[in-house]
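As given, the protein sequences belong to chains A and B, one line each in that order. The first sequence begins at 1 in the working numbering and counts up by one. The second sequence begins at 1 in the working numbering and counts up by one.
I should point out that these hints are in silico values taken from the structure, not numbers from a laboratory. Just so it is clear, the structure is predicted and the values come from calculations on it, not from any experiment. Please note: incorrect hints may appear among the correct ones.
Unchecked claim - Within a straight-line C-alpha distance of at most 27 Å, the following computed BS3-like cross-link-like pairs (lysine-lysine) qualify:
id	chain 1	residue 1	chain 2	residue 2
1	B	K48	B	K82
2	B	K50	B	K233
3	A	K51	B	K433
4	B	K83	B	K48
5	A	K40	B	K50
6	B	K499	A	K51
7	B	K82	B	K119
8	A	K35	B	K132
9	A	K51	B	K118
10	B	K171	B	K491
11	B	K129	A	K38
12	A	K40	B	K620
13	B	K129	A	K40
14	B	K327	B	K359
15	B	K624	B	K655
16	A	K51	B	K203
17	B	K119	B	K86
Spelled out, the chains give:
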Amino acid sequence: MKKSAKPAIFFVLFVFVSYTLLVLLYVGVRLEYEKLTKEKVQAQQRMSDVKNWKVNLLAQDQALSSEERIVGIAQNELGMVRDSDQVIILSVSKEKVEKITKAIEKKYE
Amino acid sequence: MNNSRAILVIVFVIAFSGVLLYRLFTVQILDSNNLKYYAKRQQTVVEKIKAERGFIYDRNSVLLVYNRNDVSFYVDLRMLSKKGKKKIADKFSIVFNKPRNYYNNIMSDTGKTICIEKKASTQASLQLKDFKVTGLFSKEDPTRVYYYQDLASHLLGYVGSDYHGMDGIAKSCDDQLAGEDGSMVVIRDAIGDMISVAEEETKPAIPGDNIYLTINKSYQDILQQELKSGLEKYEGTSAGGIIMDPNNGEILALANSPDFDPNEYWKYTDTTRRDRAVTDTYEPGSTFKTFSMAALLDRNLCNLNEKVFVENGRYKFKNVYITDAHKNDWLTARGVIEESSNIGMSKLIQRLNDDTFYKYLRAFGFGNFTSVDLPGEVRGLLRKPDEWGSVTKEFMSFGYAVMVTPIQLITAYSAVINGGILYQPQIIEKITKHDGTVIYNDAPKEIRKVISQETSARMRDLLVGVVKEGTGTNAQISNVLVGGKTGTSQKLIDGKYSKFDYNSSFIGFFPANAPKIVCLILVNSPAIGRYGGSVAAPIFKNVAQRIIALNPGAYINQPEEQSSPVPEILVTKNSNTKNNSNNSIKTTDTAKILSSIGNSNAMPDLRNFSLRDAIVVLMKLGIKYRISGSGNVDSQSIQPGQKIVKGLSCVLECKEPEIAGASVY
């Protein structure tokens, strides 16, 4: 009677301890999961903030490198003058150029 | 005794265990649903994930509007201790550089939740990341950023406190920009700090779409600056301007002055925030003569070289006096436009019957929505012919008795100069998803062809004359061929035309031989100057010069192109005309036609001649003819300029003149 009762107690104890360990493991994993989930949400929030900041920098970059700003500084602060006010267009017909070329070639041949 | 004690202990342990087991059973099994419900209610909060609103760019991908993740800080005064208040006041005064008393005063109330810092920047909120006080909590509070403040404010609109569009593109494209909000279940502890998030119950937010507008930021900037300085210089009450690409209806800039900063829209009145270029109507005055003349030319009812008696500046028509600002006795039809003669125009328009004139105006889009993607657009006012009085048509011909919006006017004007095609004005170039996928690409929307290409070319030539020699000389630009029309209209105040308040306008285009830009400038009630030519034309010139300076090569004159005269065609009589003016010298008689042909041995161009006149010419030249169809000559079998040989036979294909594609009723 005594010999057969021992393994049964050990078996019950083993099952109980194993179950307890599994429960503890589950709780530990669950807590870790929740912690990581929280960190993930916070990281996503930070990423969103960084993205927003990047967009803000892009807008600043576009404003700083815009032609109007550069031209404004060049004209108002450096006293530079734009070269486009007096555009002079010289138009010579192609035929006339060819005619003159031919005349010159004829003369010096 | 020992046994009885042991039994007592065992019984007690068993009883205690039994109570515990019973309680456990009650909690876990019997009351589990109720308790789960209360626990969930206390520990979890469903939080909205606000969808990021789409960005707005200009046509060159310059970012105009975006979002900033600001944070607002609140305190629950029921939970906040005296020590906590002091800690908050100390820390916040350092981070936000405000006096301690500022925060102490805010927190002096009791028993409610108050906001102590609204829309703090992310950088500032990062400094408070590890600052924990019971009763202090923060909330995301996104802010819409209009980076260039008042730039294109009327176009871009603004968002209200609920982050929904209130005006401009923000309102008309609210569905696309807003995106779709998501939600997440947050598990919190007793003091409200996040423990975790129930991922399986999280619904991510879908960001809004990005919108690329047709506007050019540089042009917009120029237009706004020039309108503002023009308004100051001429002391007007307000001003408006639109720049458009006449070849496709794309709006390149649209501005009203005074304007507003959408970042702080609440500081401005409704009138200032209203997009007056779309919502407000006015009597256009002489700029409208462009459309009257286009209709006359398209119907071949007017020769630009014919002379009109303009009554020395005062004309009594059906007991109503029509006056001109510049007194003349005779003017050519070209001169009527160049000198902006109301009398001349009112006489010429009598050749066009009421229905046809109305059809043309409707075909140009007056009295109807342009369908631009901006909110609050109005139709304007164009009465039907059966509602006209005895002088309505004559007054309409020079821009009175008709109400238009600036957007209608520039859209119609584009049709006059682009070859005759009316386009729907466009403000959206494309819409992309957050990842860059294009979901909508706007193509030019052709509404109808209003006038012929030839008429359009003649109108361009005519409008160049206005700037070269007429009322619009202040809009001349060296090296660039500019066309345009001035407009000055008295304002109708309390049912009477004011002698002091005027709308001064100028609508011009360049380069005139192949227009790429059309620009309307309207100044409301200028105190200095009055005429469109002296108020609006110089503003136009400044705008145009600065635009040209951005890319001079695109606009400077091509000498061989600028001097291409548009051949003048001869005038035919209109049998439908109700009132024929006796004061015009008409060149419709056969003798004049024949004299214009001269003694040349070449075949004349008979296209657009009335059939009767064409027959007279052919008979005189001894050419046999055959007629196909009715109306005016559309084509001829012997080409113009071909040498005439006796015995030749010419087939004349005739066609009734019509407004192509117009569906105006």
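Against the structure, the hints come out as follows:
1. For a cut-off of 27 Å, the pair hint linking K48 of chain B to K82 of chain B is broken: about 32 Å separates their Cα positions.
2. Straight-line distance between C-alpha atoms of K50 of chain B and K233 of chain B comes to about 46 Å, which puts the hinted pair past the 27 Å bound.
3. For a cut-off of 27 Å, the pair hint linking K51 of chain A to K433 of chain B stands: about 16 Å separates their Cα positions.
4. Simply put, K83 of chain B and K48 of chain B have alpha-carbon atoms about 32 Å apart, too far for the 27 Å limit, and the pair is violated.
5. Among the hinted pairs, K40 of chain A with K50 of chain B is consistent with the structure: their alpha-carbon atoms are about 18 Å apart, no more than 27 Å.
6. The hinted pair formed by K499 of chain B and K51 of chain A fails the criterion: a straight-line CA distance of about 58 Å is larger than 27 Å.
7. With a C-alpha separation of about 25 Å, the suggested pairing of K82 of chain B with K119 of chain B holds against the 27 Å cut-off.
8. Between K35 of chain A and K132 of chain B the alpha-carbon distance is near 19 Å, which keeps this suggested pair within the 27 Å criterion.
9. Between the alpha carbons of K51 of chain A and K118 of chain B the distance comes to roughly 22 Å, so the proposed pair stays at or under 27 Å and holds.
10. Note on K171 of chain B and K491 of chain B: the hinted pairing is violated, with a Cα-Cα distance of about 31 Å set against a maximum of 27 Å.
11. In summary, the hint linking K129 of chain B to K38 of chain A is supported, as the alpha carbons are separated by about 15 Å, within the 27 Å threshold.
12. The suggested pairing of K40 of chain A with K620 of chain B is violated, with an alpha-carbon distance near 95 Å, which exceeds 27 Å.
13. For a cut-off of 27 Å, the pair hint linking K129 of chain B to K40 of chain A stands: about 16 Å separates their Cα positions.
14. In summary, the hint linking K327 of chain B to K359 of chain B is not supported, as the alpha carbons are separated by about 32 Å, beyond the 27 Å threshold.
15. Taking the CA atoms of K624 of chain B and K655 of chain B, the gap is about 20 Å. The hint holds against a cut of 27 Å.
16. Under the criterion of a C-alpha separation no larger than 27 Å, the hint pairing K51 of chain A with K203 of chain B is consistent with the structure, at around 21 Å.
17. Annotation: proposed proximity of K119 of chain B to K86 of chain B holds, straight-line Cα distance about 22 Å (limit 27 Å).
Hint compliance for this structure: hints 1, 2, 4, 6, 10, 12, 14 are not met, and every other hint is.
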